[in-house]
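Make one complex out of these two single chains by using the hints.
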Amino acid sequence: MRILLDQFTKSFGRLTVINKMDLEINDGEMIALLGPSGCGKSTTLFAICGIHRVSGGRILFGGKDVSNIPSQQRNVGVVFQSYALYPHLTVAENIGFPLMIRKESKAEIARKVDEIAELVHIGNLLERRPAQLSGGQQQRVALARALVRKPDVLLLDEPLANLDAKLRLEMRSEIRRIQLETGITAVLVTHDQVEAMSMCDRIAIMNEGRIVQIAEPMEMYKNPVSDFVAGFLGNPPIAFVDGVVTDGQFVTASGAMAVSLPFNDGARERKIRLGIRPEFFGPGGAQPVAGKITFVEAQGRETLYDVALEDGQILRSIQTATNTATVGEKVNWGIDVENILLFDEDGVRL
Amino acid sequence: MTSNYRSWPMILALGVVTIPLVLMYVYLFVDTVTNTAPGSVVPHEFTGEHWRFLWETLPGRPSIYVATLNTFVFATATTLIVLAISSTAGYAISRLNVPFRAFFLAGVMVLHAFPTVTLIIAIFLILQFIGLYNTLIGVILVKAALELPFGIWIMKGFYDTVPWEIEMAGIQDGASRLTVWRKLVLPQVMPAVMALGIFSFLAGWSEFILPLVLAPDNKVQVLSVYLAALIADDNNFDMALFKSVGVFYVVPVIIMFLFFQGKLMSIYGGGTKG
Ligand SMILES: Nc1ncnc2c1ncn2[C@@H]1O[C@H](COP(=O)(O)OP(=O)(O)O)[C@@H](O)[C@H]1O
Ligand SMILES: [Mg+2]
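Chains as they are written, first to last, in the numbering used here: chain V, 1 to 350; chain R, 351 to 624.
Think of the hints as simulated: they come from the structure by calculation, not from any bench. Do not rely on the hints blindly, as some may be mistaken.
Computed list of lysine-lysine pairs in BS3-like fashion (alpha-carbon distance at most 27 Å, straight line) [said to hold, decoys possible]: (1) V:Lys-64 / V:Lys-166; (2) V:Lys-166 / V:Lys-103; (3) V:Lys-112 / V:Lys-150; (4) V:Lys-150 / R:Lys-593; (5) R:Lys-533 / V:Lys-112; (6) V:Lys-64 / V:Lys-20; (7) V:Lys-150 / V:Lys-106; (8) V:Lys-166 / V:Lys-106; (9) R:Lys-593 / R:Lys-569; (10) V:Lys-222 / V:Lys-271; (11) V:Lys-103 / R:Lys-533; (12) V:Lys-106 / R:Lys-593.
Next comes chain R alone, as it looks inside the complex (with noise of 0.2 Å):
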């Protein structure tokens, strides 16, 4: 690679300004395997015990794998749903001649501008009374109502950009409006769908406020309450498993993280201009 200016004053002044967070993240992970002094900054000696949650389940909390297996199908199910309806809803409203249309639109974002808090209460009242307070499908279903508005969004801008003669052009070639959508439209809108699944997913998987209130119980605790259990929990205090449970909560993010930045910045760009 070559450039036309120096890197190394860019390079040494962004890193200067980044020591802090390195030293922070460095941190986190040495205190979850050794013991430190009061008082001290160097690390005595090592240790496995912060990590005793992986094998032994802590007093008056569920199993770390119980909550992550609940973490897991609350973010898969809430994206699958949002891209469900996003994907589907949002062809509708960029294509066909949807009845209040504008209003539609135009509601859509204002549901979004609303704090999920204002709603809580409100939320909490209804799945009380229809009986999916404490439940998985419960807090599923109000997180992906709540992510809905977005992805529609996000979803009929990327529909608003495919050419209409594409569909037309199916049409006369005799397919379906549905074989339209799944075989010449989705596919050129596949990178939104796959940004707005990583996103929904990570929104799933760091939700904290919703399962909170609406889904406490160790049965269908995830591991945004459980980790917020542990630092709540004044008798038990250990600052150490807090953070080896925080490590614990953020791996399966980077793995996912490392995995897909490849697919995210190869996805096919269209074009068909000669």
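Okay, chain V solo, but in the shape it has when bound (with noise of 0.2 Å):
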């Protein structure tokens, strides 16, 4: 189902936490929401499932406005990040719970939880208590209780962050799976630009309870519109790197780093700010900067150095592990500058 925040305000009081949010997600699709701690991703999504109620504005669902309808009644299925099983329950009458409240005949739950139960591949399970459970597998259930009375929309809050990394690759992928097989529209809440990136067909990226920038994973991370979403999305981060630029020459304050772009904004000095990947700096590099590499981390197929330059600023670098650089090692490694990301004094994107 098509799912539309239309100017939705949510305030606490006197703090508004979002003002005027616009966001449309499409049916089918899988939209991450993501941010940084704080910035208001749970709030919406509970505006949307109903549990906060909204100041401005309006919620629709499909072609229905939802705003003043209690959450009992909007068919939002939830995954809390807590899970939220019912733990004097089994699994199987937690997974049956939206079902029994809806009264419906017990064959006809028993039928539901199983065919839900092999979806998640939890049919093993059903007996069980929570406390019995492994965090991947009450994740399991949570999902299959969100899902199994057939949702409009599934709504997941940081549901990767209380499992431990192997679980959460796991259940990354999971999820996607089960989203896809059932075709349900979902909204993921997470401050993970990773799972961000894996899971979802887009990505809104939020910061102070506004949206930055909508777009597909690999569109937002070329075409970031800002500094903060340039420095959201990629692992390791990017590095940026303020100074002027004057004839399509940059230099930074100290004169560490001095390179020629391929922009030109006239003779006129400019501030400016770089963003420099670190698959845009190495060896290969076109323009070199001299830099002494102050860390080393191997990954196995991949090393990452971070490159100090004379005046202390840090460049960040990925390399395959061929490259045999060491710690304390003076280089001149190239910046590929038909790659770099260019933002205005503001952080904008130029």
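Structure representation (structure tokens):
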């Protein structure tokens, strides 16, 4: 189902957390609400499912305004960060709870529970209690409970935050698989850019209660609208270098780095900020800068380097593990200026 | 069972310390079925006469069975009222945005700190005025009211530990707030409800001062008042009879304890961390 937030506003007392947000979520799409902690992601999610009343604007499911419809009647499935399983009920009773509330027959409930348990691969756990399950299994039960009554939209609030690294990887693809198999419209709230990029069709990146950019993951990675977005996406993160550009010649305040850019704003001196992703800085780069390796992190297939310029400015580089440079080594690696991101002094992309 | 220290010295020490207590209990029981000559510590004959209150009504006293029934009604009714109100009020205070919540909470605590005796004259006057003096209902209401602050506090504390998300999940699953409370929240605080129930019942069973002042009549007399009247009666002073009634009075408590101790210990412990 298509979800539309129209000038959605939410305040708690005098604190306005979300101000006039517009967001359109297409039918069958999985969208990520990505942003730093406290930017209002959960607030938005809770408004969609009806836990929070909206303070202004409208929320539409399909064509229908649900802003004033109570949670119980919205048909939204929610997976909470803590899973919120009912500890005194078995897995089967947990999953069947929404159906029991709807007074469906026992046989019908059993059939649907079995079907959904099959989908999320927990068919053999139905008689257990939540306390007897691992984190990943609890997550699957929570998903099953959210999906069993065929909701119009599935909301996931930081669903992977409580899992260890290996399970997180596994559940990432599992959640996506289940979403694709059911074709359900889904909203994933996360502060982890890897989750957002790997699981979702589109990302809406938020900062301080506003949506900064909405785009497909790769598009957002390549063409961020601001330094905030550029800094949020990518691991290892992008390095920013502040300086001035005159006639296409960029130089930092200390003069430690000087490159010529494919950007010309005339002879006038202009403050500018470069964003250099680690994959565009290394031995093969076109425009060399002098620096010293201060940190090496071997990741197996790839190795990460921190390179300090003369003035202490850090650039990051990621290379295949065949490179054998070590800490303290002086290097003269180059920057691939064609792929540099340029921002003005307010952080807006040029 | 293995232990990394020897247990017999500890058992010995505890045993020695406990002997006087054990002796008291043994004599309490032995004295109810025997007669002992004055000045002796060894009984010289068995007798059932100290338990005569079971088959004959003592002069000037109500039947023991009436008193027992009254005590039972008193303790049960108090417990039910305390449970019903604490489990709902505790929830409201824990979860809903009640106005003056902090004030109310502090007030409840202060109320509980009030010694009953300081209130009893006022309560007596009020009951007399509204016609509930010398009735079980009156004393039940008073006892329940005095137990409530404690009950509400205990229940609030337990409700506070139930995760907020569980309720929100219930709401999302389509349940009304009432259903969420009944089906999802109440089961999580069941251990508290059980414990509070047992404590209220025992408090009611052993309550003395309120029934003594507010419902002293034979019709509505409870066991504690019955017992006290026995020892206060200088004309027919009978220590062995008094002890027998005392044993009779505690037996239900012991039975209840035996029945519930297993339950209280085995109450399901929640938690969903994985
Ligand atoms: N019930 C509430 N009352 C007051 N402030 C709240 C409430 N819920 C959230 N906030 C505030 O709203 C902001 C956004 O919170 P939230 O949506 O939870 O952020 P996140 O993006 O980390 O999920 C935070 O500053 C938080 O303090
Ligand atoms: Mg959050």
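Against the structure, the hints come out as follows:
no.: 1; hint: V:Lys-64 / V:Lys-166; result: 41 Å, violated
no.: 2; hint: V:Lys-166 / V:Lys-103; result: 39 Å, violated
no.: 3; hint: V:Lys-112 / V:Lys-150; result: 10 Å, holds
no.: 4; hint: V:Lys-150 / R:Lys-593; result: 69 Å, violated
no.: 5; hint: R:Lys-533 / V:Lys-112; result: 21 Å, holds
no.: 6; hint: V:Lys-64 / V:Lys-20; result: 19 Å, holds
no.: 7; hint: V:Lys-150 / V:Lys-106; result: 18 Å, holds
no.: 8; hint: V:Lys-166 / V:Lys-106; result: 37 Å, violated
no.: 9; hint: R:Lys-593 / R:Lys-569; result: 23 Å, holds
no.: 10; hint: V:Lys-222 / V:Lys-271; result: 22 Å, holds
no.: 11; hint: V:Lys-103 / R:Lys-533; result: 14 Å, holds
no.: 12; hint: V:Lys-106 / R:Lys-593; result: 58 Å, violated
Of the hints listed earlier, those the structure fails to meet are numbers 1, 2, 4, 8, 12, in rising order.
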